[in-house]
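Chemist: Number 50 in the numbering used here belongs to position 39 of the sequence shown; there are no gaps in the numbering.
Hints should not be assumed to be uniformly reliable.
[To be verified] Only pairs whose alpha carbons sit at most 20 Å apart, straight line, appear in this in silico DMTMM-like list of lysine to aspartate or glutamate:
#	residue 1	residue 2
1	K47	E60
2	K149	E126
3	K135	E90
4	K47	E37
5	K171	D112
6	K47	E101
7	K122	D67
8	K135	D186
9	K106	E96
10	K108	D164
11	K121	D39
12	K106	E60
13	K122	D39
14	K135	D162
15	K110	D162
16	K85	D39
17	K108	D143
18	K97	D67
19	K106	D186
20	K42	E107
21	K149	E128
22	K97	D53
23	K189	E101
24	K42	D82
Calculated directly from the structure, the hints in this document are not laboratory data.
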Amino acid sequence: MKFAKRMFAALLILGLFACAKPPQAEIDAAKAAVAKAAANSDVVMYASEALARAQDALSRMQTELTAKKYDKVKTLALEASAAAEKAITEALANKEKVKADAAALIAAMKKALPEAEKTITAAKRIPRTGLDFAALAKALTGAKASLTAADADYANGNFKAAWNKATAVQTALADGSKTVADAVQAATKKK
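Put together the whole structure using the sequences plus the hints.
Modeler: See the structure below:
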């Protein structure tokens with residue numbers, strides 16, 4: 012009798028697992044949440060790593076669904092949904108940070124450009140610097156154009172592109188300043 016009860020219990024448990032159904036509501040919610048995040052251009056631009064984590068959880072959920080491991084499917088579906096929501100939140104925060112950083116950097120470069128011009132003008136008065144003033148003038152013209160483009164990107168809401176262009180201007184000005192400073196120092200030591 013004990014054997015029959017154990018066998019019945021084992022068959023009942025096997026029957027429950029065999030008839031288990033996938034957690035369709037969670038699966039649908041996860042797919043919708045990840046699709047919503049992926050369709051959001053700010054998420055793609057400012058939280059791509061968080062979006063990748065959500066997509067990875069969704070992919071692992073699909074693998075477990077194929078293997079009919081529905082307990083893991085539900086866990087991964089919830090994980091994918093949470094990661095997608097986090098990606099959206101993270102994108103908003105990152106966009107605001109990049110916006111503020113771009114504004115500050117553009118303002119700083121607008122002040123740095125005239126200073127760079129003054130430094131080059133002063134260097135022209137020092138003999139034997141060996142500087143290529145035509146190349147320096149061309150670099151300054153390029154920096155001004157890049158800064159104008161950064162301003163336009165910022166005005167159009169493309170803060171990441173604005174920040175990237177302003178950073179390139181900052182690097183160009185720093186490199187130019189170092190070149191001028193080194194040449195001026197070398198020329199004044201020769202005297």
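Chemist: If a hint holds in the structure, say so; if it doesn't, say that too.
Modeler: Hint-by-hint comparison with the structure:
Between the alpha carbons of K47 and E60 the distance comes to roughly 16 Å, so the proposed pair stays at or under 20 Å and holds. Pair hint K149 plus E126 holds up; C-alpha atoms about 16 Å apart against a cutoff of 20 Å. The straight-line distance between the Cα atoms of K135 and E90 is roughly 63 Å, outside the 20 Å bound, and the hint therefore fails. Distance check on the hinted pair: K47 and E37 sit about 15 Å apart at the alpha-carbon level, within 20 Å; holds.
Under the criterion of a C-alpha separation no larger than 20 Å, the hint pairing K171 with D112 is consistent with the structure, at around 9 Å. Of the supplied pair hints, the one linking K47 and E101 holds, its CA atoms being roughly 14 Å apart against a limit of 20 Å. Proposed proximity of K122 and D67 is contradicted: the alpha carbons are some 45 Å apart, above 20 Å. Between K135 and D186 the CA atoms are separated by roughly 18 Å; this keeps the pair inside 20 Å, and the hint holds.
For the proposed pair K106 and E96, the alpha carbon gap of about 16 Å is at most 20 Å, so the pair holds. Distance check on the hinted pair: K108 and D164 sit about 16 Å apart at the alpha-carbon level, within 20 Å; holds. Note on K121 and D39: the hinted pairing is violated, with a Cα-Cα distance of about 50 Å set against a maximum of 20 Å. For the given pair, K106 sits about 14 Å from E60 by alpha-carbon distance, which is consistent with the 20 Å threshold.
Distance restraint check for K122 and D39: the Cα-Cα separation of roughly 53 Å exceeds the 20 Å cut-off, and the hinted pair is therefore not satisfied. Proximity of K135 to D162 is assessed by CA-CA distance (about 30 Å); at most 20 Å being required, the pair is judged violated. With a C-alpha separation of about 12 Å, the suggested pairing of K110 with D162 holds against the 20 Å cut-off. The suggested pairing of K85 with D39 holds, with an alpha-carbon distance near 11 Å, which does not exceed 20 Å.
At roughly 39 Å between alpha-carbon atoms, K108 and D143 are farther apart than 20 Å, so this suggested pair is violated. Restraint check for K97 and D67: the C-alpha separation of about 14 Å stays at or below 20 Å, so the hint holds. Between K106 and D186, the direct Cα distance comes to roughly 29 Å. Violation of the 20 Å bound is thereby established for this hinted pair. Distance hint between K42 and E107 is unfulfilled; the C-alpha atoms sit about 27 Å from each other, more than 20 Å.
With a C-alpha separation of about 12 Å, the suggested pairing of K149 with E128 holds against the 20 Å cut-off. Using a Cα cut-off of 20 Å, the hinted pair K97 and D53 holds, with the two alpha carbons roughly 13 Å apart. Proposed proximity of K189 and E101 is contradicted: the alpha carbons are some 38 Å apart, above 20 Å. About 17 Å separates the Cα atoms of K42 and D82, which keeps this hinted pair within 20 Å; it holds.
The structure shown violates the earlier hints numbered 3, 7, 11, 13, 14, 17, 19, 20, 23.
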